[in-house]
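Asker: Based on the sequences and whatever the hints tell you, model everything.
4 protein chains.
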Amino acid sequence: MLVIMNSNATEKDIQRVALFLESKGFEARISHGEARVVVHAIGIIEEADQRDFELLTGVCEVIRVSTSYKLAARVSQGKDTVVEVNGVKFGDKYTGLIAGPCAVESYNQLDETAQELSESNVKILRGGAFKPRTSPYAFQGLGEEGLKILRSVADNHNMAVTSEIMDISQLDMFMRYVDILQVGARNMQNFNLLKELGKIHRPVILKRGLSATYEEWLMSAEYIMAGGNNQVILCERGIRTYEKFTRNTLDLSAIPVIKKLSHLPIIIDPSHATGLRDKVEPMSRASIAAGCDGLIIEVHNNPDCAMCDGAQSLYPWQYDLLYKQIKQIAPIVGKEII
Amino acid sequence: MLVIMNSNATEKDIQRVALFLESKGFEARISHGEARVVVHAIGIIEEADQRDFELLTGVCEVIRVSTSYKLAARVSQGKDTVVEVNGVKFGDKYTGLIAGPCAVESYNQLDETAQELSESNVKILRGGAFKPRTSPYAFQGLGEEGLKILRSVADNHNMAVTSEIMDISQLDMFMRYVDILQVGARNMQNFNLLKELGKIHRPVILKRGLSATYEEWLMSAEYIMAGGNNQVILCERGIRTYEKFTRNTLDLSAIPVIKKLSHLPIIIDPSHATGLRDKVEPMSRASIAAGCDGLIIEVHNNPDCAMCDGAQSLYPWQYDLLYKQIKQIAPIVGKEII
Amino acid sequence: MLVIMNSNATEKDIQRVALFLESKGFEARISHGEARVVVHAIGIIEEADQRDFELLTGVCEVIRVSTSYKLAARVSQGKDTVVEVNGVKFGDKYTGLIAGPCAVESYNQLDETAQELSESNVKILRGGAFKPRTSPYAFQGLGEEGLKILRSVADNHNMAVTSEIMDISQLDMFMRYVDILQVGARNMQNFNLLKELGKIHRPVILKRGLSATYEEWLMSAEYIMAGGNNQVILCERGIRTYEKFTRNTLDLSAIPVIKKLSHLPIIIDPSHATGLRDKVEPMSRASIAAGCDGLIIEVHNNPDCAMCDGAQSLYPWQYDLLYKQIKQIAPIVGKEII
Amino acid sequence: MLVIMNSNATEKDIQRVALFLESKGFEARISHGEARVVVHAIGIIEEADQRDFELLTGVCEVIRVSTSYKLAARVSQGKDTVVEVNGVKFGDKYTGLIAGPCAVESYNQLDETAQELSESNVKILRGGAFKPRTSPYAFQGLGEEGLKILRSVADNHNMAVTSEIMDISQLDMFMRYVDILQVGARNMQNFNLLKELGKIHRPVILKRGLSATYEEWLMSAEYIMAGGNNQVILCERGIRTYEKFTRNTLDLSAIPVIKKLSHLPIIIDPSHATGLRDKVEPMSRASIAAGCDGLIIEVHNNPDCAMCDGAQSLYPWQYDLLYKQIKQIAPIVGKEII
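Residue numbers (our numbering), protein chains in the order written: chain H, 143 to 480; chain C, 143 to 480; chain F, 143 to 480; chain A, 143 to 480.
Please keep in mind that the hints were generated in silico from the structure rather than gathered at the bench. The hints are all genuine.
Under the rule of at most 30 Å between Cα atoms (straight-line distance), these lysine-lysine pairs were calculated in the DSBU-like manner:
#	chain 1	residue 1	chain 2	residue 2
1	A	Lys477	H	Lys235
2	C	Lys337	H	Lys341
3	F	Lys466	C	Lys469
4	F	Lys386	A	Lys166
5	H	Lys477	A	Lys466
6	A	Lys154	C	Lys402
7	C	Lys386	F	Lys235
8	H	Lys290	C	Lys166
9	H	Lys166	C	Lys290
10	F	Lys231	C	Lys466
11	C	Lys290	H	Lys337
12	H	Lys154	F	Lys221
13	H	Lys386	A	Lys212
14	C	Lys386	H	Lys212
15	A	Lys337	F	Lys341
16	F	Lys469	C	Lys402
17	F	Lys166	H	Lys402
18	C	Lys477	F	Lys466
19	A	Lys154	C	Lys212
20	C	Lys402	A	Lys166
21	A	Lys386	H	Lys477
22	C	Lys337	H	Lys386
23	A	Lys386	H	Lys235
24	A	Lys154	C	Lys221
25	A	Lys469	H	Lys466
26	A	Lys235	H	Lys477
27	F	Lys212	A	Lys386
Answerer: Structural data, given as structure tokens:
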């Protein structure tokens, strides 16, 4: 921790800061700059709150220098983490693809969609069974029945599946049906859930919260990893900004930033980020060109009749066209798509 | 729903929109303006997604006209909801006060704090037993032991208590100890939790999510009310903006806005909103002057040694001074503090 | 400047940073913490860009420790700056009031408004002659004719006047008519204009830009002060956030924050901040309770027929009621309104 | 305009709205929905302010249906606008490239940079002569001397030039030296400047304001076009959000959105958007893959010694590599780079 003093701080102020630091377990090292004095607090005291020092007389600003995430940090691991499911790899030079409808609606709907997607080489199927909906009066998903359909359809087409878990109480059920567990944006800081996911041995897609910073996002990954589960895939899905024309603002700079801060793979969800089908295609291509480790895209066999988020779902033929484009772009940036 | 056509939309485009609306169960009424045509979709179809219409050729914009919250809406109830706990009232002309430390640390800490607060006429004690912390390595609260201490100390001083519930699985435990359940900002859209809280007969403080709109906030209240529990107190605690000097940006305009949209009481948490003790006092006074229905303020018997959020906790003597100021301000704006 | 190294930075990385710092004119002092090494760059080199160091191998983060504003900083001046115009004082223990219509529309409109306002003890009249409008097709103000009317009406009622200047080229004209020059939010970083305002001897109200940080705002004040004009009044008028229900989000925490960072007075414009009349009153009272140094409020003799921003203008009787309330609140927080 | 009534609005409320609309020049058409009544205001009254109606009793919300930009709107012109300078085209199927240092520092610096860039086929050189700097104490640019150097170096290498104009008073000077005028983000709503730029016959790059919506941006373009100058190139350069790790948040969704709303070309400035060299390359590739009409990139012959923004400037060899990559990506999305 660094305590930066005001330019008019007195010697007494500085001494008080040093003493207070020492009372909290730090060693205080005082450095006199031309403009101001900086007190370097040596030591790692997890519980120390920088704001306690900000309130002392003569203090201008306090800066924390050690990041709180350790296992998720780039410095903790030389090589990129690669998560592999059903032959699809995410991370390092590999870009994995996941596709499927927003919600599981029926066996036929999902089977038709999966049939078309498997012709475009999709090996991991997405589909929601429990839907977090802003309104209590909206369709909330088929529940366990949805997971059963998902599993059965996927087995039919030799696919793996991913679906969103909403609550600790659903964990056993999800373990019976799902290959990759998704944590939605609204649950990124549901810490009890994250702790439980740390105890399982299955990959987790951790979506970025609607207004989460990169650091908070990595801290949530740390919750999972601290429990022993290293198979975390980060997923950017748009952040909330003042601009309301698109559903959210897709923050593609997250790709190079996360790659610098962490060894974990980062994938993009352009469907939730933009909320409209005609924006999904350009943003998917852009994600690939920026070097992402994967995409998760909503595709529906009949978007006009979808029970939720049809407007942001691609038609299967659109997905196929997009697949062909991104297959061409990936090698230009040194990535490989199966 | 209103579908607004582009100024160059053709008659065919308009007819296609009308037909599509009818296929979804609406009656379509077409109105020719000078600049453009508007199609008014008559009917209430909960599942209709406005974006499906935005994608049709010739459509400029689609506007939903019926709000999705009904029970929480001002129009559903003539009189302001008043929630009363231990003689303290929130809503209508009453302003209730809640105070206490961020976290329950020990019996002595809490008892000393409660003793001092009861001298300032505090009748509802706050204190966290389960703490949602960004870092997995930070103090996570005393758990059930904390709730026991909270209950016991409060009984000692004839106080009621409020504490934050983090998960459905904790509900039975909370019902044994706590008079008002708090839903934290990170859980505002933990819909499974909200549904369960709808089934109990105890007041709930629903904090606004870090980047939740007024409408989303009221929709979350609706989840609780739809289950039959009408004792919902909304709590503004700062939103996330580009300005990082304060922990969050306290949005005091929420007070008059919520009062127009809803009959539910709205209280302010200036401690989490600003994150620093010396900002808590002016913002508390400002909240009262803006007509809020209550305050929830962090006070600690010894903030310099607090295990969490000490920097934003008032000293008991500061709370007492503040109490005297707001007692004077309240009647100027037609409110009453006990 | 403080250069914080990664925990796995090599001795070579650290030496390279030290050498690079020295090549830029700094003295480099290396401090070994438990978690990581910090290099303290001693010296004040205005042109040094912290990002140049962020790009060096092994560097985690670079922190600037000297603020760039000096004259505006609290540490540069012990006492609060008080700006006085026509007997009205802004700053220290004084709270000044400014009122008037959004735009000058005609002699009669302004004279009637001023007549009513003078009965509520208003001594400084506001009124726009050049209006910055988002649309090129909207009313752009009466121009110099508007300034003439403003001057003449104010003289009639023994008032001072303030109006918004949009461009350097208007400066001579404004000097002929106006007592306090206003810089609008859109011009907060019109640096050429700020430099010119530094050369005059007349108070300037500097509105906060729509997404300006406190530091950028104070830096803009510094532009004016660096030219020799110390009579700067800062004006918070709402910032842009994701919440669109109100026109902007009024950031009242700016009051205690600015008072800590600077000696300059800070006033609030609740009319532009909220955009709706029924929000102006509670936010005005809240501003006073938070300890602001003044208010600038839109009042119109006939808001329903106003040529611009009528919806956010108070009726004169509303202003009078509000005036009586804030006269009661001010002394509770140690402030004085004439 | 559409006035949406509350569900409990009385017949009297509705009549009052209709009468008020008529008093403002509209025809009022009342449509009874199942949930609520909508009053459609027929007519185009530029001065009508929707908020005036929001304040009437019984009104829930008021929606403006006609956009205020007309000339910039997609519906006003069938074909994409193509701006051509020195053989480089922006718009439709063409993607143009602009490169050069942040600031003109000296003849040698610029000439060396231009020499290297011309080997990478750059035909339009950028370089700032007047620099808008947050701090009054930072380097403000070489002024007219900088423009002279820019012109002379460009002529040397058969290049066209673009530079940022800060103020109306500089217009004549810029017309002597510069082929494309740039309006910076801070000046996007400097309406007097925009009006003057409407009178010239030279292309203008209009950067998006730091927190400008798409609509405000297009309205600013409209100011220029309303004066008769149709050669407007829109430039996205990052918006301000809560995430501070990158300088700004690059909003690449602006590309498909603007292409739907307008016929004007849109280019991307990845240098200012991200603020760090290692993010510029992936974001440039992403922009091309999303279908942008051009890029403006900072390149410096010796970034480590740059007088401003060196950290975000590419080395010439990096630009060359990037150029080769984007040449491959462009045709995949149907675009052509010379």
